[in-house]
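*Asks:* Sequence:
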Amino acid sequence: MPGPKGRVYTHAHTPTRAVRSPGREERERVAMADSEALCVALKAISVSTEVIEEELRPHLDILLSSLLEKKKDAAVDIAKSGILPTLAQALRNNNQLSQQVALVVAEVAREASVREQCIQAGLVGALVPHLQSKEQEMLLNTGRAIGRICFDNAAQQEHLVQTGVIPLLVSIMQQYPENDPLVNVCLLALCNLADMDSAREALAELQVAGVLILQLRRAPDAERSHIILEVLSSLGESDLLKLQFAESGVPEALSEMVRGLQGSTDPHNLCSVKIASNLMVSLLLGDESMQQCFGEGTGMVYQDVLSWLQSSNTQLQLSGALAIANFARNDSNCVKMLERGVVPHILNLLEQHVDEGDVSVQHAGLSALRNLAIPASNKVRMLEDGVTERIKTLLRSDMPPVQFKLLGTLRMMVDGQEGAATALGKDQALLQRIMEWCDARDHAGVRGEANRLLAALLRYSRNAEVVRAVSKADGVKHLITMATSEHVIMQNEALVALAIAAAIDKECMHDTLREAQLLPTLQKMLDDPQGAVEVKFSALGLICSLAQSSDMKEAMLSSNMKDSLRPLTEHASAKLASQAQALLSMLEE
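Residue numbers for the sequence shown follow the numbering used here, beginning at 1 and rising by one.
The set of hints was computed from the structure by calculation and includes no laboratory data. All of these numbers come straight from a predicted model, not from anything done at the bench. Among the hints, a few may not be true.
[Said to hold, decoys possible] Straight-line Cα separation of at most 16 Å, EDC-like style, residue types lysine to aspartate or glutamate; simulated pairs:
no. : residue 1 : residue 2
1   : 71        : 116
2   : 562       : 528
3   : 524       : 534
[Said to hold, decoys possible] Derived Cβ-Cβ restraints for the label pairs, each shown as a range:
no. : residue 1 : residue 2 : range
4   : 415       : 574       : 42 to 48 Å
5   : 581       : 374       : 33 to 39 Å
6   : 36        : 158       : 39 to 45 Å
7   : 259       : 122       : 46 to 52 Å
8   : 439       : 223       : 48 to 54 Å
9   : 265       : 307       : 35 to 41 Å
10  : 310       : 529       : 54 to 60 Å
11  : 374       : 136       : 18 to 24 Å
12  : 439       : 385       : 28 to 34 Å
13  : 72        : 265       : 42 to 48 Å
14  : 401       : 340       : 25 to 31 Å
15  : 351       : 158       : 47 to 53 Å
16  : 220       : 36        : 56 to 62 Å
17  : 374       : 344       : 15 to 21 Å
Every residue gets a Cβ at the ideal spot worked out from N, C-alpha and C, and that includes glycine.
Given only the sequences and the hints, what does the whole structure look like? Please build it.
*Replies:* The following block contains the structure:
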């Protein structure tokens, strides 16, 4: 019984010394005893000729004790002893020892260096049938053992899928949805397997979305949510599963999750918002799944995405803009979205990020505007709403990705729009910036888009003031360079723009083009046997415009342009042959 100051009496009123904690010698003695016990147990199991439950159980208890107490090299010693095949046989016998053996194997497999020996001993094959057990503890031990043995082993994971482990994992989650440790093991397994095509094919047949949504909604913590979101993200890369997810309510579950976490400053919750919103954008990449979520512009998912544009969370702003760009992949959606007022939200978002803002948000917002501007009716409405004026504030951006998207968006806005092309073509500040970007040697994409916008301003405005403004800004030289691009579409756009400009303002353009030594370049295009028909046709159009000038006509005759035209009069393209014949006749007059 306890005495004063915690002393212990062995008999009435006879005090003894206080018991001290074991010293170093005592600890070494205990460790040696444990080591000897483990050696004895391993030897006993290794010499067993039959797997007899009564004989093995106490030895397994010693193994388990050593493993759970993290005794040094216990797992390695167990693997070296040669008993792993015996454990595999015990599992195959499927008796009352199985649960204990599965736990031992699960603990042994914590040690990465012994996992290959576990595989060689046949433990994986012996464990898999136990995933059909009716005992939840057995399922837990088995799942952990298989998961650890096969971790980061692609060959074994593929083998698991081929042996039918995927339906078993899904079935376990369906039968025991509230057993959190067991569900966690199954989710981790799916997370490791979900990148494999064979696993995705198996899961597509099981309607796994419902199981995952249930677990997402009841996830006890952010860690569990992240695992489920990772599984959904990996599986969502499959077009078949994208549609299945959309039809099963995954986007709605993600919207609901984000809605519940908005405003939170907890890092784990912010991470969940990021993963969930990124996954939403990914699901919208599938045409059918995107249309399902759009719901004619009235669906809950679309409405939630629209609200992300107005969020103070930059990640949600980015995902919202990317999602809008994905929704705007067909004309019908674009028209409905414009009617429902999406553009002001995008413009407000872009203006928030003009100065030292987020480049990714600017890029995504411009992508959305560009897609929305593709239908002709939308262009007119967007121009009336002053979109071009508002996005021109981004001209001062020094970030190539933003410059690239801005140029592409402006080009889309003027496509077929004479008024817009004329207004922008006379804007000196815009032209000056375009000229700078036409010389962007470090970014081919920006350079290409700047040249294409310059050509578009001439093609769609067909305006003398624009021609003179472009010429004054020294833009013609860039179009001449563009005409020799390796991309046919760019060559063609440049040649058409130059032909239109030359026809509108002969005096201004002819002198500039003559000084630029353009005729030899055009003649080379006509002589090129590999040249595209449309490029040759556009080159003939430009030559025809230039031939209106007596000086240019004389230069053509001096350069034997007729020799380049004669073979084209017999070209397989009737349109090209006719144009060549007309030009030849003009030069022979």
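*Asks:* So, for every hint listed, does it hold in this structure?
*Replies:* Going through the hints against the structure:
1. 71 / 116: It is violated: about 21 Å lies between the C-alpha atoms, which goes past 16 Å.
2. 562 / 528: 15 Å, holds
3. 524 / 534: 15 Å, holds
4. 415 / 574: 42 to 48 Å: 29 Å, violated
5. 581 / 374: 33 to 39 Å: 38 Å, holds
6. 36 / 158: 39 to 45 Å: 42 Å, holds
7. 259 / 122: 46 to 52 Å: For residue 259 and residue 122 the Cβ distance comes to about 50 Å; the hint holds.
8. 439 / 223: 48 to 54 Å: Given a distance of about 51 Å, which is inside 48 to 54 Å, the answer is holds.
9. 265 / 307: 35 to 41 Å: Taking Cβ atoms as reference, residue 265 and residue 307 lie about 19 Å apart, which means the hint is violated.
10. 310 / 529: 54 to 60 Å: 58 Å, holds
11. 374 / 136: 18 to 24 Å: 55 Å, violated
12. 439 / 385: 28 to 34 Å: 32 Å, holds
13. 72 / 265: 42 to 48 Å: 43 Å, holds
14. 401 / 340: 25 to 31 Å: Once the Cβ atoms are compared, 28 Å apart, the range 25 to 31 Å for residue 340 and residue 401 holds.
15. 351 / 158: 47 to 53 Å: About 51 Å separates the Cβ atoms of residue 351 and residue 158, which means 47 to 53 Å holds.
16. 220 / 36: 56 to 62 Å: For residue 220 and residue 36 the Cβ distance comes to about 43 Å; the hint is violated.
17. 374 / 344: 15 to 21 Å: 19 Å, holds
Of the numbered hints stated above, those contradicted by the structure are hints 1, 4, 9, 11, 16, listed in ascending order.
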